[in-house]
Amino acid sequence: MALISDERLCDLSHDEIARYSRHLLLPEIGLEGQKRLKAAKVLIIGTGGLGAPLALYLAAAGIGEIGVADFDFVEASNLQRQIIHSTKDIGRPKTASAKDKVRGLNPGVKVTEYNVALTSANAMDIIKGYDVVADGTDNYQTRYLVNDACVMLKKPNVYGSVFQFEGQASVFYAEKGPCYRCLYPSPPPPGLVPSCAEGGVMGVLPGIVGIIQAGEVIKLIIGNDGKDSLIGRLLIFDQWRMKFRELKLDKDPKCPVCGEHPTISGLIDYELFCGLKPEKKELAYGTLTPFELKARLDSGEKIQIIDIREPHERAIAKFPEAKPMPIGQIARRCDELDPELDTVFICKIGTRSIFAINALFETGYSGKVYNLQDGINGWARDIDNSLPRY
Amino acid sequence: MSVSLLIPTALRGFAGGSAEIELEGATAGEVLAALAKRHPEIKEHLYEEDGNLRSFINVYVGDTNIKSLNGQDTAVKDGDSVILVPSIAGGGSWL
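For the protein sequence lines, the chains are A and B, in the order given.
With our numbering as the guide, the letters of the first sequence map in order to residues 1 to 390.
With our numbering as the guide, the letters of the second sequence map in order to residues 1001 to 1095.
Treat the hints with caution; some may be incorrect.
[To be verified] Keeping only pairs whose Cα atoms sit at most 20 Å apart, straight-line, the calculated PhoX-like set for lysine-lysine is: (1) A:Lys248 with B:Lys1067; (2) B:Lys1077 with B:Lys1067; (3) A:Lys110 with A:Lys41; (4) A:Lys254 with B:Lys1067; (5) A:Lys251 with B:Lys1077; (6) A:Lys227 with A:Lys254.
[Claimed, not checked] Computed footprint of chain B on chain A, listed as stretches where at least three residues anywhere in the stretch have a Cβ under 8 Å from a Cβ of chain B: (7) 8-22; (8) 155-169; (9) 182-189; (10) 241-248.
These are calculated hints, taken from the structure and not from any lab test.
Computed from a prediction, not measured in an experiment: that's the story for all the values here.
All residues carry an ideal CB built from backbone N, CA and C; glycine is no exception.
Please put together the full structure from these sequences, using the hints given.
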């Protein structure tokens, strides 16, 4: 059965026939396929690296209605890959910037903005009005939320994900194949895997993966019943070694959402599920703001400052008077620290340093340890404007 | 059996930076154990404390998930590729 029923199709204008001529010439798309694209409603979740090419190509292809969901605002560091936003858009909501670009490219497309975070409270209402969902999110809690909502609402979820030089793409459609949870029943604990904000991402990579997603969205709508789509297949792509691989995906009969006896029938608390609400416990370390660290240094106090970043990051911004000790060497080199002195750990944004501190405590270290809040980026913001923020 | 184990970018930092390592083993489990022996720092990324594989890492022999075969007991033969496929989520900051 076609995703877009025949009753929803309406004729194309002469202008539309001229605009979509190259689609109409393909027998696989043709007039009927183009009418389905015009009748289709696609929700793009996230207007970042993946959402940017998704929105642009789907608009160019003549999707009738595109929803864009993102709570974020355009920042300078987005522009290396999020090509739907421009330098003049810095500071604007990403959905507003995306809407402008889509309308400029194709005024025939209706764009609906959702400038909110997708949550268990609003996801079903937002998703239910769309035919296809394209997942361009950047975090696990939203991925599981989108997956579960799509399974429950019987919507295809066109998936893409990127990290550093590596991408994944698939179509999760529980009506016809596996869902995201069949592949990954649960996410990694927070912090075990670095994010792109810390690990980096090659700018063209989400472009490639997002365009693969856009192609899958179009094929699902045109109605070959998903048979040549990525349903049941996972594409993995290594940009650096320039290798594509295709892996088989099986439906997990024990999947808690789409399996034979589902145990999850409504949306859950995804922050809790992803371990982002740790139990409140006494922290073994203290936290210093950049201002507090500056005040203590200015008072002449002797403090050990340990920079746990890798050499290529220290080359971007060097912290004055810090001793470099990359995170992987902490356990081995803990003898170099004097437990009689207070020690401050720094990283880029104050997150990896917490894992370095935990690694230090696992060695049995007994000295007093602090984490520099917001890392060297915070120091550059509050104390030393001569340092770049990255 | 000598197989090549493919390491994804997210885990290369815990495997001496290698993208591909030749390892010996008769089963997928033995190949992973050989990896963990050579690069102990990758261990906590592969295994739960009870020795089971972590649920956010899939292991493929060729194009098939070992979950659909015999798990870690899945036999491998000379020249096979064993591929680690971790979940990746991109973008934002974690904490």
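Structure-based check of all given hints:
no.	hint	verdict
1	A:Lys248 with B:Lys1067	holds (11 Å)
2	B:Lys1077 with B:Lys1067	holds (18 Å)
3	A:Lys110 with A:Lys41	holds (9 Å)
4	A:Lys254 with B:Lys1067	holds (12 Å)
5	A:Lys251 with B:Lys1077	violated (26 Å)
6	A:Lys227 with A:Lys254	violated (24 Å)
7	8-22	violated (count 0)
8	155-169	holds (count 7)
9	182-189	holds (count 6)
10	241-248	holds (count 5)
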